[in-house]
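Q: Residue numbers (my numbering), protein chains in the order written: chain L, 1 to 328; chain R, 1 to 328; chain Z, 1 to 328; chain G, 1 to 328.
A couple of the hints might just be wrong.
[Said to hold, decoys possible] Pulled a few chain L residues facing chain G out of the computed Cβ check, cut under 7 Å:
1) Val34
2) Phe39
3) Leu59
4) Gly127
5) Tyr129
6) Gln202
7) Thr247
8) Ser298
9) Pro302
10) Leu307
11) Glu310
To be clear, the hints were calculated from the coordinates, so they are not data collected in a lab. Please read all numbers here as calculations on a predicted model, not as lab measurements. All C-beta atoms, glycine included, are put in the ideal place defined by N, C-alpha and C.
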Amino acid sequence: MTMMTYLEAINKGIEEEMTRDEKVVIFGEDVGGVKGGVFGVTKGLAEKFGDDRCFNTPLTEGQIGGLAVGLGVVGYRAIGEFQFADYILPAVNQLISEASRMRYRTKGDWTAPIVYRTPYGGGVRGGLYHSQSTEKILFGQPGLRIVTPSSPYDAKGLIKAAIRSDDPVLFYEHKRLYRLLKADVPEEDYVVPLDKANVVRQGDDITVIGYGMVLNHALKAAEQLSKEGIEAEVVDVRSLYPLDKETLVEAAKKTGKVLLVTEDNKEGSIMSEIAAIIAEEALFYLDSPIKRLAGPDSPSMPYAISLEREFLVDEEKVLNAMRELAEF
Amino acid sequence: MTMMTYLEAINKGIEEEMTRDEKVVIFGEDVGGVKGGVFGVTKGLAEKFGDDRCFNTPLTEGQIGGLAVGLGVVGYRAIGEFQFADYILPAVNQLISEASRMRYRTKGDWTAPIVYRTPYGGGVRGGLYHSQSTEKILFGQPGLRIVTPSSPYDAKGLIKAAIRSDDPVLFYEHKRLYRLLKADVPEEDYVVPLDKANVVRQGDDITVIGYGMVLNHALKAAEQLSKEGIEAEVVDVRSLYPLDKETLVEAAKKTGKVLLVTEDNKEGSIMSEIAAIIAEEALFYLDSPIKRLAGPDSPSMPYAISLEREFLVDEEKVLNAMRELAEF
Amino acid sequence: MKQLKESGLNKEQIIEAYKHVLRGRRLDERLWQLTRIGKTSFNISGQGHEVGQVAKALAFEPEKDYFLPYYRDMTACLVWGMTSKDILMGSLAKEDDPSSHGRQMPNHYGSKEHNIVSHSSTVSTQFPLATGVAYGAQLGKKDYVTLTTTGEGSANQGEVQEAMNFAGVKKLPLIFVVENNGYAISVGIKEQYANETMAERGPAYGFPGHRVDGNDFTETYLTFKKVVDDARNGKGPALVELMVSRLTSHSADDDHTIYRSKEELEDMKQKDGLLLFEKQLIEEGYLTRDEMTAIDKELKAEINKATDEAEAMPDPTADTISDQVYAD
Amino acid sequence: MKQLKESGLNKEQIIEAYKHVLRGRRLDERLWQLTRIGKTSFNISGQGHEVGQVAKALAFEPEKDYFLPYYRDMTACLVWGMTSKDILMGSLAKEDDPSSHGRQMPNHYGSKEHNIVSHSSTVSTQFPLATGVAYGAQLGKKDYVTLTTTGEGSANQGEVQEAMNFAGVKKLPLIFVVENNGYAISVGIKEQYANETMAERGPAYGFPGHRVDGNDFTETYLTFKKVVDDARNGKGPALVELMVSRLTSHSADDDHTIYRSKEELEDMKQKDGLLLFEKQLIEEGYLTRDEMTAIDKELKAEINKATDEAEAMPDPTADTISDQVYAD
Ligand SMILES: Cc1ncc(C[n+]2csc(CCOP(=O)(O)OP(=O)(O)O)c2C)c(N)n1
Ligand SMILES: Cc1ncc(C[n+]2csc(CCOP(=O)(O)OP(=O)(O)O)c2C)c(N)n1
Ligand SMILES: [Mg+2]
Ligand SMILES: [Mg+2]
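If we strip away everything but chain L, and leave its shape as in the complex, we get:
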C-alpha cells in the first residue's frame, strides 16, 4: 500500500499498463515532453516510454478523437486526453460517429479499444468553460462506456480496466479530486470493473446516489447524520454508461427514499436516467418522491465567486437535502 492522490493513482495505473502492454500509447495537448499534462497526470511517461508512445498533439480535439480510433483498428490501445472536459465538444462527432460505432457497424470485424481521459467538474474558478460536466452529452451512445472514479483506489483500478477493455471508454476525472483525495492504494495489480456501481456506505434510512465531488460530500454528510441517528446508504454510480441498474435499483428498494445528487444542471443529467430507471423498476418500494439535488438550469459555471458558490452543490446543500429526505 502507498499513500497516493487521486491524480497519482491515475498516473500509476497508466504507467503500469504501459509497462505491461507496449501497444498502449498516450497523447494529447501538453501530454508529452516534460510538462506531462496541464494537471500533471501524464508526468514522467514520455521520459519512461519515449516520445513515440507518449506525445503531444496539435491543438485539435477532433483529430485526437479520430487518431485514437485509427490506432485502435490496427491493434493499438490509445489513450487520448482532452485537456478539459469542456473541450471534448469539438470531438463529439468522432466519439459518437466513429469510436462508439466501429464495432457495431462492422459486427465486430473492426474494433476501437480506446480510453479518452478528461478532467471535468467545477469549483475551481474555471468559469463557464473549465467547469462543465459534459458526460451527459455523450451519455446514451451505445457502444461507448463512460466511467468515473471517486476515490484513489478506484482511480487506479478503473483506469487499468479501461485501458484493457476492448470497448471505447470515456474516462472522466474530477479535477477537484486530483489533489484533494489521498489514500492508501495497493501496489499490486488490480482492476475495478467498468460496469458496476459501488455501495460505499451501508444504511437503512435513505439512499444517496452520486459520483465525483458530490459523492464525497455525501459520504461526509452521512457521517454527520449518523451522529444524529440517520443511516444513509451511499452509492457511487461509477459506471455512468451503461448504468449498473441492478445495484442502483437494489439500493433504492432498500430504503425507499432516494436522493440523487449531481453537480451538473438538473435537467438532462445522468441522475435523470437513474430516476427514470427507479421509477420504472422500483416504484412500489418508494416512500417518497425521487429527489434530485443539482445545479440550477443555467450554463455551468459562472466565474464570480458569488455565482460559482450559488451554482455549486456543496457539502451543506447535500447534508440539508439528506436530512430533509430522512425526515420526509
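Once you've looked at the hints, dock chains R, Z and G with the ligands against the given chain L.
A: For chains R, Z and G with the ligands alone, kept in the frame of chain L given last:
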C-alpha cells in the same frame, strides 16, 4: 385554410417570416439555388428572396453553426439547416459553446437569435447515420431551446415562433412526417408557443407522452383503444427543452398511469427526464410504474429491414404497451 | 493524355486495369437496376470516377496497405480485393456483407480481410482515423502505406484539415485523396471553395499536393506511384486531387437534371472516362473492340452470377439487433 | 526594421501608439500582481504581443469595425476603446465588467459598446462567428471590416479552416490574424504544424496571407492597412500571421521554465518588443527617455486609479445566477 403537408407547412412558415422581416436569412448545404434542400423544405426561397438571403454553404456544419451566431450578434435572424440531424455532430461545439451561451455569458449584451433546422428520425432505411434522434445530445444546455412539431399546424406555427424568438432554437423535423401528414393549416399569421406541451387527446385511463412519429402512432392507437373502452390522454411534448413541466405533470397526475414513448434509445432519451420530473413531482399520484417504450440500447438504426423493424417503435408496439398499461 | 505504355505497366496489367474499370461500371449499373426494381433502397455511384480509381489503387500494395475509402470508391475497393458479390451483399444488406453485415446503407465499403477500414456516412470522419492507422505503421515499424479519400465538398470539413495537419507534423506514410467531381450534391465548386485547386492545401500543411486528370490513366498511376513510394520510404504524406466526373445524379434520392444543364450533362457523357479509356486502349493497340465485347460479356456473366449468389444469402435476423454493441 | 515615419503616421499618433503599448504592459503587470496577492484567481497575458497588437488595431476604424479577439488581445482591445478599468472589472469579476459581467474568467474580452464580440474559452470558436459578422456587412451593405484573432496552436482547429474557406467563397470583408508566439502552452511549433508559415494557409483558401514581424511596428501597421483597405473595398479577406513572443508563462497556472531553456528565456527578454520599440522611438527622435518616464508615471497613476475604482465596484449577487439564460 389550405391542405398542406408537414413539409409544406414549414416551407410556408419560413416564407412568411422572410417576407415579414428582411433580417431573416437561411442557409445550409443544398438549401439555396433550384434544389431547395435535399427534402425540398427550402424550395422556392432562393428565387423569391435572392441568393444573398437563401444560400448554399460549403459542406461544413461547424461553420454553419457559427455563421448563424455571428449573424445573430449583428442583428440578423439566421436559419441554419443541418442536412440530417446526424450531421449536427460536427457543430455541437458551436451550438453548445457559442449559440447557447452568448446571451448568458454577456448577461444579455450580445444575443444569438437563431433557428437551427434539421430532419431527424428513423424508419426511412437511412441506416446508422440517417435515422438518429440526436436531440438528446443537445438536451439540457441552458440557453438553447429544442422544439419539434408533430402536426402540420404546429409545423407552421412553431417555425414562425422559432424565427421570431430571441433565443437560439433547435428545430427538429421528423423526416417521415414530411409527406406523411397532410392537414388543414390556416393561411393567417399565427404562432405556436415554444414552451408549451400540447394535450392532443383527452382521456381518463392512461397518459401517453411522446413526440414525432411515435406521437402519431399513439394517437392512432388511442382511437383503437377507445373502441375497447380505454381512453388515453395523449400529450405532445413539443417543447423538448426546456420542458413544459406543468403540463406534463398535470397529465401524469390525471390518470396515474404513464407511458412515455420515444423512438430513441431507452437510456438517456428525453423521456428519461420526463420520467424523473414525474417521479419527483407526482409520485403519489401514480398507480403504476412509469413505463418507457423506446428503441433498444444499440446504435440507431441498422439498415437491413429486419433490423430496422426490430429497432423501430411502431404503431403495434405502442398499442400493445398502452393496452398493457391500461390493464395494469 | 499520356500513353499507357508510359505507365510502365505491361499489357497484361493494362488489360487487367481495364477489366477493373469495366467491372466497376457494370456492377454499378447492376446496383442501379436493383434500386429501380426495389430490391435495394439506395445507390450512390462512382460512374465517371472509375479510371482514376483503378489507376490510384494499382499504385498501392493491397495485401498490406490500408484503405479508408468513401462511398464512391467501389471500383477502388474492387481493385483492393473486394468481389462483386461482396459489394452486392452490402447493397442487399446480407448477413455476410463484409462491409457492415447489413447494418449500414449500401456503398459503405469495408473489409477486414482486405484492410479496407469501415467508414461512416458522416463525411470525412475517416481522415483522422487514417492518421491513426498510418501512425500505427510508424509505431510498429511496418512499411504499409495508408490511403484515404473523400469528395471535394467533404474536403472542406474541419477534420480533414486537422488530419492533414497532424500527418504533416508526424510525416506519416499516408496518401490523402480528394476526388473532385465538381459537385457536392447540387452545390457547385464556386460555392464550395475559392482556392484554385484542392491540391494547394497539401503545402499549406507541409507536404506536396498534386492535381491529376482522373481520366488520364498513366498520369494518375504515375503520380500515385511516386507519392506512394515516397510515403513508403519515410518521406511523408501527400495530397492528390483527382479530377473526375459525376456521371449520375448524386444518389438514388437525387435528380441532377434539376441543377445541371442539358448541355453540361451531354458534354460530360461525351467525355465519359470509360469511353476515353477504351478509345485509348484500341488506339494504342492493347485491345480490339471485339476483345472488349468479350470482356464485357464475361463481366456481365460474373455479375449475374454474383447477384444470384448474393440474393440467395441469408438476411440478418432481428434477434441480432444487440449483437456486438460491446465487447463482452 | 522599417522606420516609424514610413508608417505615414504623424508624431502624435506614434506617441499615442507607444502609450497604448506601455499601457498594455503596465496593466498586465497589475493583473499579475492582483493574481499573486489573490485578488483575482487567474491571468493570461499578452506581454510580448503588444507592439504588434497596437499596430494591428490602429489600421482599423474601431468606431465601426468589429473585433472578435482572443485572450491575449488585451492591448488591441484597449486600442479598440476598452479602458483599464473595463479590463480590471473583468479580472475582478465585477457586475459592470463589460466583457461578461463577472461570468467569464479574466481575459475574455468583449464590449457591446465597442463592437468587441464576446468569446468563449474554447479556442477558435470565434472564427466561424466572425464570418457571420462579416457576412452581415455584405447583407446590410455596410462598410465595416471584421477582425478576428487566435494563436498559432489554435489556428489548427478545424473550425478555423472552415471559416477561412467560407470567407474565401463569399469574399468577406474579414481579416484573420494568427498571433504566432511559438508555443501552445508547452507545445512548440514543430509539434504543432509542418508548414513553413501559417500565412501560407490564406492562399489555400483563396486569399492572401502575410507574415509580419510583430515587433516591427511600421511593417505590421502597413500590412494591416493594406489588407483592411482591400477588405473594405470589396477585395475580400486576408490572413496575417503576426510573429510575436510570449514573454510570460502560458498563464497563471503554468510555469514555462520547465519546458523553455534559460537561454531561450534570456534571449527573449533581450528582444522584448517594448524595449525595441522604445529604442526605436528614441533613435528616431520621437521621445526622450525622460518623456517616456513621464508617460510611464502617468499610466501607472491611471492604472492605480482604475484599480481602486474597479475594486470598489459591486460584485454580481448570487440571486442573478439565472438571469439572461433566455430572452423572456
Ligand atoms: C457531415 C455530413 N454532412 C452532410 C452529409 C450529406 N451529404 C452526403 S454526400 C454530400 C455531398 C458530398 O460532396 P463531395 O464531397 O463533393 O463528394 P461527392 O458526393 O461529390 O463524391 C452531402 C452534403 C453527410 N453525409 N455528412
Ligand atoms: C478547444 C480547446 N482546447 C484546449 C484548450 C486549452 N488551451 C487554452 S490555450 C491553449 C494553447 C493555445 O496556444 P496558441 O493558440 O498558440 O495561443 P497562445 O496561448 O500561444 O497565444 C490550450 C491548449 C482550449 N481553451 N480550447
Ligand atoms: Mg463532389
Ligand atoms: Mg501560441
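Q: For each hint, tell me whether it holds in the structure or not.
A: Hints versus structure:
1. Interface restraint check: L:Val34 against chain G, minimum CB-CB distance 5 Å, threshold 7 Å, status holds.
2. Contact between L:Phe39 and chain G, as hinted, is not supported at the beta carbon level, the nearest pair being about 9 Å apart and thus beyond 7 Å.
3. A hinted interface residue such as L:Leu59 counts as satisfied when its beta carbon comes closer than 7 Å to some beta carbon of chain G; here the least separation is about 4 Å, so the hint holds.
4. Because the closest C-beta pair between L:Gly127 and chain G is about 4 Å apart, less than 7 Å, the hint holds.
5. With a cut of 7 Å, the hint placing L:Tyr129 at the interface with chain G holds, because the nearest CB-to-CB distance is about 3 Å.
6. The interface hint given for L:Gln202 is violated, since its Cβ lies 36 Å from the closest Cβ of chain G, which is over the 7 Å cut-off.
7. Because the closest C-beta pair between L:Thr247 and chain G is about 34 Å apart, greater than 7 Å, the hint is violated.
8. With its C-beta approaching chain G no nearer than about 5 Å, L:Ser298 sits inside the 7 Å limit, and its interface hint holds.
9. About 4 Å separates the beta-carbon of L:Pro302 from the nearest beta-carbon of chain G, less than 7 Å, and the hint is met.
10. For L:Leu307, the suggested interface contact is upheld, since its CB lies about 6 Å from the closest CB of chain G, less than 7 Å.
11. With its C-beta approaching chain G no nearer than about 4 Å, L:Glu310 sits inside the 7 Å limit, and its interface hint holds.
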